[in-house]
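Enquirer: Sequence:
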Amino acid sequence: MKTIEIRTVNVVQYINPLREGGSLPAIVKADDGFLYVLKFRGAGQGKKALIAELLGGELARALGLKIPELVFMNLDDSLSKTEPDEEIQDLLKFSVGLNLGLHFLSGAITYDPLVFEVDAMTASKVVLLDSLISNIDRTAKNTNLLHWNKELWIIDNGASFYFHHNWATWENHLTRTFPLIKDHVLLKNASHLEEASKDITDVLSQHVIRDIISKIPEEWLLEESNTLSPNEIRAAYATYLNVKLNRIHTLVKEAEDAR
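The numbers in full-length UniProt numbering rise by one with no breaks, and the one at position 51 of the sequence shown is 51.
These aren't lab readings, by the way, just hints derived from the structure by calculation. Hints may contain errors.
DSSO-like cross-link-like pairs, simulated, lysine-lysine; straight-line CA separation at most 30 angstroms [said to hold, decoys possible]:
id	residue 1	residue 2
1	Lys215	Lys198
2	Lys188	Lys141
3	Lys29	Lys150
4	Lys150	Lys93
5	Lys182	Lys198
6	Lys29	Lys182
7	Lys81	Lys150
8	Lys66	Lys253
9	Lys188	Lys81
10	Lys93	Lys182
11	Lys253	Lys141
12	Lys81	Lys182
13	Lys81	Lys66
14	Lys93	Lys48
15	Lys81	Lys141
16	Lys253	Lys198
17	Lys93	Lys253
Beta-carbon label-pair distances, calculated as ranges [claimed, not checked]:
id	residue 1	residue 2	range
18	Ser229	Arg176	36 to 44 angstroms
19	Ala258	Asp77	18 to 26 angstroms
20	Asn242	Asn16	19 to 27 angstroms
Here the structure is a predicted model, which means the values were calculated and not measured. Every residue, glycine too, gets a C-beta built ideally from N, C-alpha and C.
Take the sequences, apply the hints, and build the full model.
Expert: Below is the structure:
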């Protein structure tokens, strides 16, 4: 399977904040002329949220799910000097360096389960992927899904992989299931879980997982609070995903029981 390289662009204009997001993402313009939703390294969950966004997004893309293009975004200190809002000014200052952006889908509508239909296979793949990556943020109250060009698009995976907020205990999560799947917005439509699990395990080989993890910028793995080295952290993500994939039958059963 051929993987997609992630481009790097420079932020040239801060347009406006998206205040519905807890981490205050923003619409920005880059030097390639396109608009992006910028996720800031200086926001609440810091670089770990960017890692979760990157891994969750690229895993979804590998599975054939729709996700806006992810790009690395360089942010310099010039934008903060012209920003009048103090909260945004501080966020820009703390986020100088490499951030993450998602291509802005102009005209996209927030997914509403009462309005839009999703096919069973797509729903099943999304449900199982979110189980694999422990994504706690795909509920009816906050779907983190968009409807664009008559298709379902996945956004906002930053709340995934929550084990990485404490590396001292990450291995305790290896054999846990994901009971919060009962609240997943697409669970009702996910009637092809067994079939979806076979597709997922066929596609997400160790090679594909290793390649996706290799895309994490080294600087995002360097934090004083981390007890592991960058190489150890990459290995931990790989171990986590491979163990979960080997136990995907338990996630299928959990989701089926919740349905």
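Enquirer: Checking one constraint from the list: CA of Lys66 to CA of Lys253, max 30 angstroms. Satisfied?
Expert: This hinted pair holds, its Cα atoms lying about 25 angstroms apart.
Enquirer: Against the range 18 to 26 angstroms, how does the distance between the Cβ atoms of Ala258 and Asp77 compare: consistent or not?
Expert: 47 angstroms, violated
Enquirer: Holds or violated: are the alpha carbons of Lys93 and Lys182 at most 30 angstroms from each other?
Expert: Roughly 39 angstroms between the alpha carbons, so the hint for Lys93 and Lys182 is violated.
Enquirer: Just to be careful, I want the Cα atoms of Lys182 and Lys198 compared with a cutoff of 30 angstroms; is the pair within it?
Expert: Holds, at about 21 angstroms.
Enquirer: Given the hint that Lys253 pairs with Lys198, test it: the Cα-Cα distance must not exceed 30 angstroms.
Expert: Answer holds: Lys253 to Lys198 is near 14 angstroms, not above 30 angstroms.
Enquirer: Hey, Lys93 versus Lys253, does the alpha-carbon distance stay inside 30 angstroms?
Expert: 46 angstroms, violated
Enquirer: Compare the distance between the alpha carbons of Lys215 and Lys198 with 30 angstroms, and conclude whether the hinted pair is satisfied.
Expert: Measuring from Cα to Cα gives roughly 25 angstroms; hence the hint holds.
Enquirer: What's the verdict on Lys29 and Lys150, does the C-alpha distance respect the 30 angstroms limit or exceed it?
Expert: 25 angstroms, holds
Enquirer: If you check the beta carbons of Ser229 and Arg176, does the distance land in 36 to 44 angstroms?
Expert: Cβ of Ser229 to Cβ of Arg176: about 25 angstroms, so the range 36 to 44 angstroms is violated.
Enquirer: Please work out if Lys188 and Lys81 have their alpha carbons no farther apart than 30 angstroms.
Expert: At roughly 48 angstroms apart (the allowed maximum being 30 angstroms), Lys81 and Lys188 break the hint.
Enquirer: Decide if the proposed pair is consistent with the structure: Lys188 and Lys141, CA atoms, cutoff 30 angstroms inclusive.
Expert: Given pair Lys188, Lys141 holds - Cα atoms ~15 angstroms apart, limit 30 angstroms.
Enquirer: Under the criterion that the straight-line Cα-Cα distance not exceed 30 angstroms, is the pair Lys29, Lys182 satisfied?
Expert: With a Cα-Cα distance of about 38 angstroms, the restraint between Lys29 and Lys182 is violated, given a limit of 30 angstroms.
Checked against the numbered hints given earlier, the structure breaks hints 4, 6, 7, 9, 10, 12, 13, 15, 17, 18, 19, 20 and satisfies all the rest.
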